[in-house]
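**Q** Residue numbers (our numbering): 175 to 575.
Hint data in this document are derived by calculation from the structure and do not stem from the laboratory. Honestly, I wouldn't trust all of these hints.
To be verified - Straight-line distance between alpha carbons at most 20 Å, and here's what the computed DMTMM-like set of lysine to aspartate or glutamate pairs gives: (1) Lys176 to Asp193; (2) Lys205 to Asp543; (3) Lys568 to Asp193; (4) Lys176 to Asp197; (5) Lys575 to Asp283; (6) Lys447 to Glu432; (7) Lys221 to Glu251; (8) Lys287 to Glu309; (9) Lys221 to Glu261; (10) Lys447 to Asp421; (11) Lys231 to Asp460; (12) Lys205 to Asp250; (13) Lys487 to Asp477; (14) Lys487 to Asp532; (15) Lys238 to Glu309.
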Amino acid sequence: MKILVLNCGSSSIKYQLIDIINDNESKLLAKGLCERVGLEMGEFTHKPQGKDKYYEKVPIPTHKDGINMILKALTDEKMGVVSSLSEIEACGHRVAHGGEVFTKSVLVDDKVKQHIRNLISLAPLHAPANLAGIEAMEHLLPNAPQVAVFDTAFHHTMPAKAYLYGIPIKYYEKDRIRRYGFHGTSHRYVAPKAAAMVGMDINNSKIISCHLGSGASVAAIVNGKSIDTSMGFTTVEGLMMGSRCGDIDVGAVLYIGEKEGWGYKELNKFITKDCGLNGLTEGVTDMRDIMAGKREGNQRLSDAFDVFAYRVKKYIGAYAAAMGGVDIILFTGGIGENAWWQREAISTGLEFLGAKIDKQINEQTAGKDGIISTPDSKVKLLSVTTDEEYVIAKDTYLLAK
Numbered sequence: 175m176k177i178l179v180l181n182c183g184s185s186s187i188k189y190q191l192i193d194i195i196n197d198n199e200s201k202l203l204a205k206g207l208c209e210r211v212g213l214e215m216g217e218f219t220h221k222p223q224g225k226d227k228y229y230e231k232v233p234i235p236t237h238k239d240g241i242n243m244i245l246k247a248l249t250d251e252k253m254g255v256v257s258s259l260s261e262i263e264a265c266g267h268r269v270a271h272g273g274e275v276f277t278k279s280v281l282v283d284d285k286v287k288q289h290i291r292n293l294i295s296l297a298p299l300h301a302p303a304n305l306a307g308i309e310a311m312e313h314l315l316p317n318a319p320q321v322a323v324f325d326t327a328f329h330h331t332m333p334a335k336a337y338l339y340g341i342p343i344k345y346y347e348k349d350r351i352r353r354y355g356f357h358g359t360s361h362r363y364v365a366p367k368a369a370a371m372v373g374m375d376i377n378n379s380k381i382i383s384c385h386l387g388s389g390a391s392v393a394a395i396v397n398g399k400s401i402d403t404s405m406g407f408t409t410v411e412g413l414m415m416g417s418r419c420g421d422i423d424v425g426a427v428l429y430i431g432e433k434e435g436w437g438y439k440e441l442n443k444f445i446t447k448d449c450g451l452n453g454l455t456e457g458v459t460d461m462r463d464i465m466a467g468k469r470e471g472n473q474r475l476s477d478a479f480d481v482f483a484y485r486v487k488k489y490i491g492a493y494a495a496a497m498g499g500v501d502i503i504l505f506t507g508g509i510g511e512n513a514w515w516q517r518e519a520i521s522t523g524l525e526f527l528g529a530k531i532d533k534q535i536n537e538q539t540a541g542k543d544g545i546i547s548t549p550d551s552k553v554k555l556l557s558v559t560t561d562e563e564y565v566i567a568k569d570t571y572l573l574a575k
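Assemble the whole structure, with the sequences as input and the hints as a guide.
**A** As structure tokens, this is what we get:
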């Protein structure tokens, strides 16, 4: 079964066309990435298996434009891998928020789409992109089943002490306001992979998974199950991110809103699009650009770099305490896998936990799987490449076959 996976993030679209042959065998046909969606200049990379990689810098104003580029590339005479879109038998979508309704992946129907639409206010950077992908594929492939794989599903194993907020309980009982957590598809994939890399039984392990990218979260995973995670009711809580503020005194947001005369829409835009790295640097959100500025002595960019690393380190310490120890600390996601300098900044000073980074090996492991701790490190530090698309494809295959 040829399955197209669309993973629409806040400023990117990852995609893969995967042929799932059976429950245990699959073949990647093509993959690619639209980056810097919505910025002045985007980047499009398409890599069909057995053919040269195609890359161009091109404006990608919206997610819809990016999806159109992907479909054209897949069917292109020279760089395509299918002769027509009819060869694509199903489509799997990463969906950011499933609330308490969806604790596992589901086939998409009108009720599912309406639920996603109802949750746009909880995931304003992602849910519209998720819906755009679903509706575009419905139009192009009306007979192909579609599957929604929810980022929140993996974290439904959290206990009440981790997901309840210190607010009147009626708001949970009536409106289901609680911590949900996100990036579940990635955390679900990398945790057992990391355990296998060090020869550890996932069912007897304590893992801190750091998914670091434009969106970022940390998860505490005990015996393969999430017991806590940094993102909350929405994708805003937790780590400071590309344009999201992360943890902040709610009183400060109220103060700013009152001073500026803002309503809900303005406040929502502020915490999701105007803050984070974007706010501290006044417009620079790419960690590569921030690191370059830090090296050049730009104080503003240097401060943003340090704040990002410091907040990740704080969560690592908190989750080590919550789990009563830690066996593995892993880094994944666009920043976690590639920005070795961020991994070094985060890991330096964790010796008290028994985690010692090997700086040379760490630098050599940019963009690759590998153990980046010293041989005598009691806690293993790992760079782990994630593959959310494979998880989505496998769930799609199981539901659509």
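**Q** Can you list which hints this structure breaks, lowest number first?
**A** Those not satisfied: there are none.
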